[in-house]
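S.K.: Here are the chains, one letter per residue:
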Amino acid sequence: MGDLIFVTATLLFFVLTAGFIIGLDKLSAEPHK
Amino acid sequence: MTGELMHFVVLVAIMSGLVVPMGAWLARVFTSPHHGLPERWTYKALGIDPSEAMSWKRYGMALLLSNAAMMLLGYLVLRVQEFLPFDPLQRAAQTPDLAFNTTTSFLTNTNWQAYSGETSLSNFSQMAVITYLMTISAVTGVAAGGGFIRGLSRKNVADIGNYWVDFTRVLYRVLLPLCFVVALVYVWQGTPQTLASAADATTLEGSKQQLVIGPVATYETIKHLGTNGGGFFGANAAHPYENPTPLTNLIHMLSMMLIPSALTYTFGSMLMRRRQGWAFFAAFLVMFVGFSSLVYAAERQGNHLLTAVGADQRLSELQPGGSLEGKEMRFGIAQTSMFVAVTTAATTGSVDSMHDSLTPIGGFVPIGQMMLNCVFGGEGVGFINLVTYAVLTVFLAGMMIGRTPEFLGKKIGATEIKFVAIAVLVHPFCILAFTGLALGLPSTAQSLANSGPHGLSEVLYAYTSGTANNGSAFGGLSANTPFFNTTIGYAMLIGRYLTLLPMLAFAGAFAVKNTIAEGPGTLPTDTPLFTGLLMFVVILVGGLSFFPVLALGPIVEQVMLNAGHVL
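The listed protein sequences correspond, in order, to chains A and B. Numbered by the working numbering, the letters in the first sequence go through residues 7 to 39 in order. Numbered by the working numbering, the letters in the second sequence go through residues 629 to 1195 in order.
Worth double-checking, as some hints may not be accurate.
Cut-off 16 Å, straight-line C-alpha distance, at most; resulting in silico cross-link-like pairs (EDC-like, lysine to aspartate or glutamate) [to be verified]:
id	chain 1	residue 1	chain 2	residue 2
1	B	K1046	A	E36
2	B	K1141	A	E36
3	B	K1039	B	E1146
4	B	K1141	B	D787
5	B	K1038	B	D1154
6	B	K1046	A	D9
7	B	K1038	B	D940
If you're looking for bench data, these hints aren't it; they were derived computationally from the structure.
All chains, please: the whole structure from these sequences, using the hints.
M.R.: Next up, the structure:
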């Protein structure tokens, strides 16, 4: 059970951080006002 | 006293002398158009196209996802350790929360240890997980630093290089050769290097003692060259097997500062702005000398309450004097103070004394340096952090005179400032939020050795060390609990990736821009004035973020000590 929790938590962090990269990339692609 | 100051002078002189050769070496690694034979074999075996030009997004994804895979692999090994070879002592597997904390710690170049190495890890785990991740995390940081500097050096292009090429070159051309040479020196000095797990010894009283040994020399090399810091033994660099002589103590410190300091010259070389590189080096050095002097003065002065009850804390030919609690007698006040300053400046986390035993102001120094996180800083990321503050400095200066800020010949726009703001804010938010959460839980008191301001410092230090990817422990906090293992684990992950990735995005956005001609309103960034302004902004932002909590911890503890109160 403990392994499942921590492996899931780890994967969740890295998936969310990958989403963070995509968000930052969209931010950099925004046109300057 | 003069002899002690010479320790500082020698350390700073040798470290400064190594900046140019090491920095030039790194610059060549990051700019050479040629791939070595082992590198070409590696690319072929792994299906890598070394000519691929990566955007910052692809560069960051490659870094992140490869790190994720390595973390899962490390976690697996620690969980099945008892079934793996090289452990006649048959040490049990780590619990899930401890294995999560350990792999997170070494993956992120933190090396926080909620376990004691000699009782918790087999030689196989020490090599296949700990030493492996120490190497990988250091290579990752230096590679990211190279990609970052390359992004700053370019104009009108959409890529910042190739992560796999940077990674492979740093591993093959820099860290492996350096580690090989330094490991031989450590073996010469008496550090063990063996696959045996223990040696039997007979004490002077005639009783039998089992001494844990193992591949310590190779561990020590990457531990310091990679600004990692976790100890093979629980006593870390205070252990005579890890740090047998004054020479190894000096090499430990030089190793920690070698690459972080050299990256300033690498930056100057790659951008053809050597003065700018030296301006950054000067900022590093001045802050480091200031913090070193503070911890030395505090520890040399000792505790006046002990003097009042008859303890002699004066320096003499017969004793080193000062506050010696928690210090290794072989190193005394000067060597210990230097080690404290170096290990928390370079965010290594290796310790040759117990930081919990430092005087309150002495303890303020390691916490403060980790909070600023840019007094040399860790492999690659320390330099990136300083550039983050440099951009913030030109932004604030631009606001004061009403001009669009410029940095390295390019205008800094709103997008770049957003990246900088994220990188600057994540660090204090993570430290303060987790510290607040821990202090709000009644169960935390059971993990603390002290109450009052010192207890607060123990919790604050733990999350600061984790978020700054330092890894040193103040001591006094029993951190091997599911709560601390999990929250400090997340602090390490957040501190590593959520500050690094925005600055890679900054480098990507910067690479796309074109340069502009400098005008009368351009603030020169390679002058002593700018270096001073940069340090002011670093201290200002650090103070605004952390002064309240520092006031409740080490500062009020020093005030109480001065007033004669003991908790």
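S.K.: Indicate, hint by hint, whether the structure satisfies it.
M.R.: Hint check:
no., hint, in the structure
1, B/K1046 to A/E36, "12 Å, holds"
2, B/K1141 to A/E36, "14 Å, holds"
3, B/K1039 to B/E1146, "10 Å, holds"
4, B/K1141 to B/D787, "12 Å, holds"
5, B/K1038 to B/D1154, "15 Å, holds"
6, B/K1046 to A/D9, "37 Å, violated"
7, B/K1038 to B/D940, "59 Å, violated"
Checked against the numbered hints above, the structure violates hints 6 and 7; every other hint is satisfied.
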